[in-house]
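**Student:** Please take these sequences and the hints and turn them into a complete structure.
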Amino acid sequence: MLGSVPTTPKSIEAYRAVIGDERMEEILGFAQQLRGARVLHVNATAFGGGVAEILATLIPLMNDIGLDADWQVIRGADEFFNVTKAMHNSLQGMYYDWTPAMREIWLSYNRMNAEAFDASYDFVVIHDPQPAAVPTFLEERTGRRDGKWVWRCHIDLTDAQSDVWDILRPHVERYDGAIFTLPDYVKDDLAGPEIFSVPPAIDPLSPKNVDLSSETVDEILSRYGVDPQRPMVTQISRFDPWKDPLGVIDVYRTAKHEFPDLQLVMIASMASDDPEGWSWYERTVRRAGEDFDIHILSNLNGVGNVEVNAFQRAARVVIQKSVREGFGLVVSEALWKGRPVVAGNVGGIPLQIEDGKTGFLVNTADECSEKLLYLLRNRKAADQMGARGVEFVRDRFLTTRYLRDYLHIFCQLSGKESATTASHTRMQRVRP
Amino acid sequence: MYGTLALSHRALDELAGVAGERTIAELRAAARSIEGLRVLNLSVTGFGTGTAELLNSSVPLLTDLGLDVHWQVVRASEDAASVNRAMYDALSGRSVSWTQEMTDTWLRYAAMNGDLLTEEFDVIIVHDPQPLAMRSYVETNLRAKWVMHSHLDLSSAQPEVWMLLRGHVEKFDLAIFPAESFARQDVSIPVRIVTPAIDPLSARNMPLPDDLVRTVLMQSGVDPDRPILCQMAPCEAASDLTGVVDAWHLVKERRPDVQLVIVLMTQPTDPTGRACYEDLASRAIDEPDVFIVPVGRPLGDVEINAFQRSATVMVQKGLRKGFGLWISDALWKGRPCVVAPVGSLPEQIVDGETGLLASTTEEFASCIERLLDNPEFAGKLGENGHRHVASRFLITRYLRDYLAILNSLHRMA
Numbered sequence: 001m002l003g004s005v006p007t008t009p010k011s012i013e014a015y016r017a018v019i020g021d022e023r024m025e026e027i028l029g030f031a032q033q034l035r036g037a038r039v040l041h042v043n044a045t046a047f048g049g050g051v052a053e054i055l056a057t058l059i060p061l062m063n064d065i066g067l068d069a070d071w072q073v074i075r076g077a078d079e080f081f082n083v084t085k086a087m088h089n090s091l092q093g094m095y096y097d098w099t100p101a102m103r104e105i106w107l108s109y110n111r112m113n114a115e116a117f118d119a120s121y122d123f124v125v126i127h128d129p130q131p132a133a134v135p136t137f138l139e140e141r142t143g144r145r146d147g148k149w150v151w152r153c154h155i156d157l158t159d160a161q162s163d164v165w166d167i168l169r170p171h172v173e174r175y176d177g178a179i180f181t182l183p184d185y186v187k188d189d190l191a192g193p194e195i196f197s198v199p200p201a202i203d204p205l206s207p208k209n210v211d212l213s214s215e216t217v218d219e220i221l222s223r224y225g226v227d228p229q230r231p232m233v234t235q236i237s238r239f240d241p242w243k244d245p246l247g248v249i250d251v252y253r254t255a256k257h258e259f260p261d262l263q264l265v266m267i268a269s270m271a272s273d274d275p276e277g278w279s280w281y282e283r284t285v286r287r288a289g290e291d292f293d294i295h296i297l298s299n300l301n302g303v304g305n306v307e308v309n310a311f312q313r314a315a316r317v318v319i320q321k322s323v324r325e326g327f328g329l330v331v332s333e334a335l336w337k338g339r340p341v342v343a344g345n346v347g348g349i350p351l352q353i354e355d356g357k358t359g360f361l362v363n364t365a366d367e368c369s370e371k372l373l374y375l376l377r378n379r380k381a382a383d384q385m386g387a388r389g390v391e392f393v394r395d396r397f398l399t400t401r402y403l404r405d406y407l408h409i410f411c412q413l414s415g416k417e418s419a420t421t422a423s424h425t426r427m428q429r430v431r432p
Numbered sequence: 001m002y003g004t005l006a007l008s009h010r011a012l013d014e015l016a017g018v019a020g021e022r023t024i025a026e027l028r029a030a031a032r033s034i035e036g037l038r039v040l041n042l043s044v045t046g047f048g049t050g051t052a053e054l055l056n057s058s059v060p061l062l063t064d065l066g067l068d069v070h071w072q073v074v075r076a077s078e079d080a081a082s083v084n085r086a087m088y089d090a091l092s093g094r095s096v097s098w099t100q101e102m103t104d105t106w107l108r109y110a111a112m113n114g115d116l117l118t119e120e121f122d123v124i125i126v127h128d129p130q131p132l133a134m135r136s137y138v139e140t141n142l143r144a145k146w147v148m149h150s151h152l153d154l155s156s157a158q159p160e161v162w163m164l165l166r167g168h169v170e171k172f173d174l175a176i177f178p179a180e181s182f183a184r185q186d187v188s189i190p191v192r193i194v195t196p197a198i199d200p201l202s203a204r205n206m207p208l209p210d211d212l213v214r215t216v217l218m219q220s221g222v223d224p225d226r227p228i229l230c231q232m233a234p235c236e237a238a239s240d241l242t243g244v245v246d247a248w249h250l251v252k253e254r255r256p257d258v259q260l261v262i263v264l265m266t267q268p269t270d271p272t273g274r275a276c277y278e279d280l281a282s283r284a285i286d287e288p289d290v291f292i293v294p295v296g297r298p299l300g301d302v303e304i305n306a307f308q309r310s311a312t313v314m315v316q317k318g319l320r321k322g323f324g325l326w327i328s329d330a331l332w333k334g335r336p337c338v339v340a341p342v343g344s345l346p347e348q349i350v351d352g353e354t355g356l357l358a359s360t361t362e363e364f365a366s367c368i369e370r371l372l373d374n375p376e377f378a379g380k381l382g383e384n385g386h387r388h389v390a391s392r393f394l395i396t397r398y399l400r401d402y403l404a405i406l407n408s409l410h411r412m413a
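Protein chains in written order, with my numbering: chain R, 1 to 432; chain C, 1 to 413.
Hints are supplied without guarantee of correctness; some may be wrong.
Here chain C is said to cover these stretches of chain R; the calculated rule only asks that three of the stretch's residues, wherever they fall, bring their Cβ under 8 Å from a Cβ of chain C [said to hold, decoys possible]:
no., segment
1, 6 to 19
2, 201 to 208
3, 222 to 234
4, 285 to 291
5, 305 to 318
Just so you know, the hints here were simulated from the structure itself, not pulled from any lab data.
All C-beta atoms, glycine included, are put in the ideal place defined by N, C-alpha and C.
**Tutor:** Put into structure tokens, the structure is as follows:
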């Protein structure tokens with residue numbers, strides 16, 4: 001057995017008030033067909049990062065609706081995690097000089113983890129490349145592989161380094177199913193598994209998204225020196241060239257001519273071991289200069305989920321001026337708080353914003369300034385857009401939809417799909 | 001010129017409601033004679049450490065008091081960073097194999113950073129051991145007073161690494177330690193003690209509405225209506241996290257409704273941290289009333305605040321090094337605490353008055369039970385604890401200590 005991760009319980013019924021009866025019944029219908037199914041999720045870590053965050057919600061909800069779900073993490077020493085970090089980066093398009101020794105390290109730890117695999121499940125979901133070769137070695141050792149195996153890829157493989165993808169691909173091809181975030185992320189030469197796309201989602205009941213009273217919001221703003229009485233715009237993102245933090249300051253300055261009261265809050269998600277992030281942080285601080293209406297905050301300063309929630313709620317407009325983006329789920333977070341979003345027309349952002357209805361998709365800094373000014377000048381239009389955004393996210397980007405997609409995939413892979421339940425699914429079956 | 005940080009403006013007067021008008025007036029009086037004093041704080045990181053938290057609060061407040069205070073970050077390249085980490089470990093008392101090559105790297109970066117110090121200051125305060133050797137290379141700032149403010153417990157530092165450091169420390173004008181027990185006896189320069197402090201106005205300590213506290217708890221599956229034991233600690237063996245689970249087990253025999261929440265203050269990133277997490281996880285996996293947070297997402301200050309506020313009893317079973325200032329956070333919120341007599345915890349917890357001291361698992365269990373069984377006694381300890389923190393561990397007291405030191409350095413100059 002691998003290392004089990006304890007999760008804390010959740011109740012699906014708590015979501016009924018948020019999503020309504022119809023969506024709830026759909027989930028419970030799938031759950032009925034999968035009652036008692038043993039599900040195992042395997043990934044590399046219980047900490048830090050989107051995958052662990054998703055699993056911490058998904059697994060308790062699966063258990064609550066009657067599946068028997070477990071979460072385990074693979075074991076490895078530093079040499080393994082160094083190799084998988086390089087693998088992860090190179091699959092996202094960063095170049096690494098990939099050596100045979102690295103491949104051997106990856107394979108040997110996968111073999112070791114496959115040897116520790118001693119139970120059988122109806123569905124095994126392997127997340128990301130780190131443990132992807134486990135089923136290969138499990139079959140090699142035992143001659144068989146129980147249940148349906150699904151590879152869940154959370155990364156964009158579009159620009160994957162080809163020799164690294166070639167190491168991974170034969171192992172992925174043995175799976176029954178493969179799930180990608182967007183259809184675009186799928187490699188053309190991947191054959192074998194049935195391919196699905198499931199976009200990420202936000203948890204409406206988490207401290208990052210739950211409703212906060214306006215007193216609490218104002219109070220939190222004051223603690224960070226932001227004046228709740230004056231208009232504020234915010235961008236929440238890492239500091240790197242792809243999120244254009246310097247451009248955000250320029251856009252704010254354009255708007256400040258007309259709205260001298262305007263404040264800008266930039267919240268960075270920083271890693272202490274990321275020198276490039278630090279250098280962009282410092283460039284951003286320098287660009288802000290002596291303007292104390294620009295507040296530059298970070299997770300390492302104690303700004304966490306509730307704080308981000310408060311800043312998003314308090315913003316007149318939320319900016320996401322990305323020039324390159326993964327999915328950009330922070331856009332849905334902001335929309336869910338009823339705020340209009342002005343965001344770069346890249347990555348997964350166009351899937352989340354209906355241009356001109358829930359916000360604006362922009363391609364240039366000038367466009368970004370123009371749309372920001374429009375929304376600052378027209379508060380009523382901004383609020384209406386925000387309200388439409390809430391409904392859009394309710395329909396497509398809540399964690400309950402994410403759960404439903406998984407259930408639907410399990411049903412499809414095990415031949416339990418029923419005609420009645422597939423009616424308004426948004427999960428795409430990309431290739432059978 | 002090193003890394004710059006974005007600091008918010010702070011007004012000292014905002015603290016009057018908590019610390020009293022008189023305290024604020026005293027601070028202003030103490031600052032008058034050193035108005036405009038140019039002070040440079042140097043640290044290796046701007047974030048995520050107790051040192052950074054203190055500077056984040058104190059630098060804007062000293063600025064508001066009229067001093068010309070700067071905070072710059074000496075950032076290290078990859079190879080220097082790994083030497084810095086090894087030095088930090090060695091100074092904290094862990095055994096590290098220190099090589100001549102590491103000494104060379106350390107000194108090379110000290111010399112390089114020394115060259116970068118071109119602005120003139122009256123006082124230069126070095127907050128981390130790693131940039132201390134800069135003092136030996138700097139050719140500017142000839143009249144500046146140099147202060148080492150060590151936030152680490154150096155009492156059990158690995159001798160060879162400490163000896164290396166000591167040669168440079170001796171060139172300083174003053175050394176500051178957070179506690180008597182953290183200080184070195186073998187330095188000839190004057191030593192002052194400045195206890196760390198909490199900022200009562202930070203998001204970590206602000207009052208929170210009850211429904212928000214409940215939301216944070218329920219998101220982690222914790223029942224806000226049942227008693228909660230809470231320990232916050234780094235994910236490392238010295239925190240004795242499995243010992244906390246043992247103590248909870250004993251308590252649970254008589255009080256089956258008690259829940260245990262373990263808040264991991266650091267995420268396990270190295271093999272020993274991962275091993276510690278695995279031990280804990282294997283103990284918790286079949287215990288529905290044991291909660292390990294965070295899973296996945298790191299906690300922010302408001303969430304930490306909520307967990308502290310919700311604790312029926314706050315526990316600190318082990319502690320490797322450092323001050324354990326989150327116990328002061330909890331006391332400020334009026335929570336009764338049971339702590340081990342390690343590090344500087346006994347300064348915060350006066351046994352039987354502001355909390356209880358316990359050593360063995362059995363002692364922990366019986367102290368916890370005593371507090372659960374006597375809410376009045378527990379409430380009394382919490383009230384005393386709040387007063388204790390108000391008089392000794394607030395940022396205003398820290399500012400007062402700092403102003404006194406800066407005044408005396410100014411007079412020396």
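**Student:** Are the hints correct? Go through all of them and say.
**Tutor:** Status of each hint after checking the structure:
no., hint, result
1, 6 to 19, "holds (count 5)"
2, 201 to 208, "holds (count 4)"
3, 222 to 234, "holds (count 3)"
4, 285 to 291, "holds (count 3)"
5, 305 to 318, "holds (count 4)"
Of the numbered hints given earlier, the model fails none.
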